[in-house]
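I would like the entire structure built from these sequences, with the hints used as guidance.
Protein chains in written order, with the working numbering: chain U, 1015 to 1283; chain D, 3 to 263.
No lab work stands behind these hints: they were computed from the structure. A hint or two may mislead.
Once the Cα atoms are required to be at most 35 angstroms apart in a straight line, the calculated DSBU-like pairs of lysine-lysine come out as [stated by the list, open to error]:
hint, chain 1, residue 1, chain 2, residue 2
1, U, K1216, U, K1031
2, D, K98, U, K1201
3, D, K219, D, K189
4, U, K1184, D, K76
Covered stretches of chain U, going by a simulated chain D footprint (3 or more residues, C-beta under 8 angstroms) [stated by the list, open to error]:
hint, segment
5, 1071 to 1078
6, 1223 to 1229
Backbone N, C-alpha and C fix where the C-beta goes; we use that ideal spot for every residue, glycine too.
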Amino acid sequence: MRQKKKPSSEQHEKFLKGIRKKKTLVTCLRVLLLVFLLGLWELCAFFNLIDTYITSSPSRIFATIGELIREWDLFTHAGITLLETLEGFFLSMLIGTGAAILLWSFDTLWKVLEPYIVVLNSLPKIALGPVIIIWCGTGTKSIVVMAILICVIITLLNMLTAFRSCEEEKILLLRSMGANKFQILVKLVLPASLPSFISVLKINVGMAWVGTIMGEYLVSRAGLGYLISYGGTVLNLDMVMASTVVLCFLAAAMYACVALLEKLVRRRD
Amino acid sequence: MNEILRFEHVFLNYHSLQGETPAISDLSFSVREGEFVSVIGPSGCGKTTLLSLISGLMPASSGKIVLDGDPVTKPSASISYMLQRDQLFPWRSIYKNVTLGLEIKHIKTPDHLARIEDLLKKYGLWEFRNARPRQLSGGMRQRAALIRTLALDPRILLLDEPFSALDYQTRLSVCDDVAAIIASEQKTAVLVTHDISEAISMSDRIFVLSRRPATLKNIYETGLKDFGPPLKRREHPSFPVLFEKIYREIRDDETKEKAKL
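Right under this line is the structure:
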């Protein structure tokens, strides 16, 4: 039962205050750390202790972002990359979970495919780059396929493990009520695997970005990965750094969305 | 009283790569309607297997199991299972948990729902119908699990050590609760347990099984039916006598098993 709210004692107030104090301290230190590092970088650059041609500097990155917005249409590039990532992310979740449901339903199919899936999982997907380009062309399609390849196997394996770890006794209970396999899946296995689904989502937020940027290195004419790789080729480190900073923000925003979703799901049970 | 369940020379063998293990051997008995039967025996003797056989989740290797005059072949609506721990689904409310069986069978009719409402009200869970299982105490959760079992209006309840996960105090009061509910709903019950006191205090008859392969060694009538709730029955003078008898019987069996090894 939930505890009723009691008027708290002085001691309890003190306890709560201590916790709040610590939280504030941690937040302050986090911000200070960032300010300190950026400041150090900027100062080193200002006094010519480091070569800004190679290391860039915060102020130059900031200026370059402005320049990229004006002259390179940064938002279009960021939008393209974001779209590719989201596509890869959702498609791989869909395909991976779908395949996991199939393999859970047909045990023999899993037994047959297991060694192939394990090999595919350990294969570095970047090695398939040339094959993907030849098969899917040098457009967006190849990039999304790369992102899917990176995410899908890990999604499949994680979801299958989650499905399998469903309590045997609960399955027995449903079977004794006369449930068929589909009902066991829908009423028990899928809802019980929701927390695992969320943690796979979290892993894939990172993985989908890896796949997309890798894909853009390989083939693209647009996107943040393209800006980074182009900047690297012409030794424009400001451009590389500025694009990376934008990438950081996008990835963090996507992670925050998944974290929010997790919070909503947690409230469920 | 009418016979509701009968085992006729039932055998069951488990198959694994290591070979064939006989789990149940030549088991014959019958259960009367409205009776509370406990099955007790040394650990690992196949008590749970017995329930799987009754519920039709597992076919017997040979022999005949007859329920209400018909042979058991698949899970039947007249049997409901209550398992170790409550096994309530944490993401469903209490109400959604107890109506799970109706959902599975696609019979969420006004009739059945009204019956569930009755049960929840009668056994003090109506105010908690929208709560999640984790918000309830162990005893209340067990009561919810029992109502889920009763929701399909079964003729026989199978109870597989349903109290083993509870602490001792809760266990005693839940025993009283469950016994009272089963009696007032006039259900037949088969309880599997390894707790001799629990078996004596709850049942009309006790089947003692031998070690594996399980066969029926003895049947005891407790004769405590009209002596009040289970907790009270523990005070009856015949309680310790019966306890001693059954205890010796099971212990001798286990000692023989060890001597053999």
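* To do: Output the numbers, in ascending order, of every earlier hint that fails for this structure.
  => 5 and 6
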